[in-house]
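**Q** Protein sequence lines correspond, in order, to chains A and B.
FYI, in our numbering the residues of the first sequence are 1 to 331.
FYI, in our numbering the residues of the second sequence are 1001 to 1232.
Possibly wrong hints are sitting among the right ones.
What follows is a set of in silico ranges between Cβ atoms, one per label pair, in the way DEER data are often shown [as the list claims (entries may be wrong)]:
hint, chain 1, residue 1, chain 2, residue 2, range
1, B, G1046, A, D185, 45 to 51 Å
2, B, A1072, A, R62, 35 to 41 Å
3, B, A1085, A, A54, 57 to 63 Å
4, B, P1136, A, V182, 54 to 60 Å
5, B, V1026, A, A53, 55 to 61 Å
6, A, N60, B, E1220, 50 to 56 Å
7, B, I1053, A, A53, 31 to 37 Å
8, A, N60, B, F1087, 39 to 45 Å
9, A, P107, B, I1053, 39 to 45 Å
10, A, N60, B, R1224, 48 to 54 Å
11, B, R1224, A, V182, 47 to 53 Å
I should point out that these hints are in silico values taken from the structure, not numbers from a laboratory.
Don't be surprised by glycine CBs; every beta carbon is placed ideally from N, CA and C.
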Amino acid sequence: MSLELRGAVVRRGAFRLAADLSLPADGVTVVFGPSGAGKSMLLSAVAGLHKLAAGSMSFNGRVLEDVSQRIRVPAHDRAIGLVFQDARLFPHLTVRGNLHYAEQRRPAARNAPITLEISRLLEFEDLLDRPIHNLSGGEKSRVALARAIVSAPELLLLDEPFAALDGRRRRDFARVLKQLSVDHDVPMIVVTHLVDEAAELANHVVAIRAGRIVCDGKPADAMMRPEFSALLDVRDRGAWVQGVAGIGSGDGVWVRADSVLLASAEPKGISARNVWPGRVASVLREADGSILVSLATDKGYILSRITPEALADLKLEDGSTAWAIVKAHAL
Amino acid sequence: MVRAMLTAEELQILSTSLGVAGRAVVFSLPVAILFAWALSRPRFPGQAALNTIAHLPLVLPPVLVGYMLLLAFGVNGPLGGWLKATFGIQLALTAGGAALATAVMSFPLMVRAIRLSFEATDRGLFEAAAVLRASPWDRFWSLALPLAWPGVLAGAVVAFAAGLGEFGAVITFASNIEGETQTLPLAINAALNTPGRDDVAFRLALISLTAAIVGLLAAEGLQRWARRRLEG
Chain A
1 MSLELRGAVV RRGAFRLAAD LSLPADGVTV VFGPSGAGKS MLLSAVAGLH KLAAGSMSFN
61 GRVLEDVSQR IRVPAHDRAI GLVFQDARLF PHLTVRGNLH YAEQRRPAAR NAPITLEISR
121 LLEFEDLLDR PIHNLSGGEK SRVALARAIV SAPELLLLDE PFAALDGRRR RDFARVLKQL
181 SVDHDVPMIV VTHLVDEAAE LANHVVAIRA GRIVCDGKPA DAMMRPEFSA LLDVRDRGAW
241 VQGVAGIGSG DGVWVRADSV LLASAEPKGI SARNVWPGRV ASVLREADGS ILVSLATDKG
301 YILSRITPEA LADLKLEDGS TAWAIVKAHA L
Chain B
1001 MVRAMLTAEE LQILSTSLGV AGRAVVFSLP VAILFAWALS RPRFPGQAAL NTIAHLPLVL
1061 PPVLVGYMLL LAFGVNGPLG GWLKATFGIQ LALTAGGAAL ATAVMSFPLM VRAIRLSFEA
1121 TDRGLFEAAA VLRASPWDRF WSLALPLAWP GVLAGAVVAF AAGLGEFGAV ITFASNIEGE
1181 TQTLPLAINA ALNTPGRDDV AFRLALISLT AAIVGLLAAE GLQRWARRRL EG
């Protein structure tokens, strides 16, 4: 059960995306990378909207495309859904009409939520009879997501599905999305350039840069590799941590180095619920003069950014004991 | 009201004109939609030829179009002979023939309006439909046509208004037969060529002008209305 890309090459103008990948066909896979890396192009190719220039692609054993054998299953026969970044709702139909469009075309055998159920879940029940042009950006993206779910795809691709939502809603819907994937047994591939979103959604991560796969694997592994770290802005450097108190679900979150305090003695009488003891694994001086301390804890490696003065005060060096303190609400 | 303002002869001419232009639109619309759809697609072999065929009536002298129709659909022409022998239908010198000539002449106008409408549709919507399992045929009916509806409507109305004024092709192919093929411009021409009927020609010209203006205003209004429904 997987999505396999073998020697797959996609071209658009001078840009070239090459992928050799085997992605699990369950849970949520996050495709992460800076803008212009080729993330959306990868989704387009998997959905059948963009031809492969070379190589092959199959899903759960079914060949979708094989350039050397001249096989190409058209998009409408792939049973692969795609939620576009710009929603692409049909302007001549109401919200309900858009969902019915998907409902009418799904095979009878596929079990999927009906319009009313999904509109409740994504909180737009009261918008069902509205024309599309009366919706806000956030509302459109929720309806587009609902439409894709209602069509009961065997694999659902989502291109920055929460781009139009604010922070709180973003987290709420990330949770709903993950639940939908489990409840309806729909594997999902989600494109994002936000590291927090990647950490919270992913069961599996693929990192892309300039048309190349940089690394892929479970988030605890892939997101902790130097190749992954190299994709991040200095301010985004951090660690994937599971089981942070105060975050709610037991899934992973991205703990930025900037939101971690260090203490050289066990802190007492503080409000933070996340205090983890560990050993200093490395001390790095960054280009901007700040110090990045990596602490090996039973939660895995935690990164903290401190000033050179703080480093001198705490007298931290490789192997010394320290406590990492994280305020959950800052994440 | 119209009945009170017009003479029986004028009513007869107006109704012939409306009938001819109406039939011309009804019969050419499906063909024009297919042509417009094909021309709005990404390049394919034969597209240039199709484009030329669609626009030929725009640059040919109308009399030549009428003559070509006569050659093809005349009683002794290959198509006309076959129609007569198989279905007993005669087009030359009939109102049906006038409608055919009118349809051919207004065809480019109709194709153009509909094609622009197809081209203005966001291609991304078709991709969105494809990933919801809509086949190309399904996408044409469920998306392309409903979204291009304002253009189709406008194309039909403009073609109708233009059809009311078609002269050269009609008179060559269908001749000027009172009560059968004598449309407004043919009647105006006949009146102008008959001494003492200048006032008749003038009244017919006014009727013709009014019909054309009403047609154009209707096309504009319908298009706005349809766009409002689509875009809000």
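**Q** Is it true that B/R1224 and A/V182 lie within 47 to 53 Å of each other by Cβ?
**A** 49 Å, holds
**Q** Note whether the CB distance of A/P107 and B/I1053 lies within 39 to 45 Å or breaks it.
**A** 41 Å, holds
**Q** Between A/N60 and B/E1220, is the Cβ distance one that fits in 50 to 56 Å?
**A** With Cβ atoms ~54 Å apart, the hint holds.
**Q** Measuring from beta carbon to beta carbon, are A/N60 and B/R1224 in 48 to 54 Å?
**A** Taking Cβ atoms as reference, A/N60 and B/R1224 lie about 50 Å apart, which means the hint holds.
**Q** Could you see if the CB distance from B/V1026 to A/A53 stays within 55 to 61 Å?
**A** 47 Å, violated
**Q** Does 57 to 63 Å hold as the CB distance between B/A1085 and A/A54, or does it fail?
**A** 58 Å, holds
**Q** Using the beta carbons of B/I1053 and A/A53, state whether their distance is inside 31 to 37 Å or not.
**A** Roughly 35 Å apart at Cβ, these two residues keep to the hinted range, so it holds.
**Q** Go ahead and decide if the range 54 to 60 Å is satisfied by the Cβ distance of B/P1136 to A/V182.
**A** 34 Å, violated
**Q** Is 35 to 41 Å respected by the C-beta to C-beta distance linking B/A1072 and A/R62?
**A** 52 Å, violated
**Q** Do B/G1046 and A/D185 keep their Cβ atoms within the hinted range of 45 to 51 Å?
**A** 47 Å, holds
**Q** Can the suggested window of 39 to 45 Å be confirmed for the beta-carbon pair A/N60 and B/F1087?
**A** Since A/N60 and B/F1087 have Cβ atoms about 56 Å apart, the given range 39 to 45 Å is violated.
Of the hints listed earlier, those the structure fails to meet are numbers 2, 4, 5, 8, in rising order.
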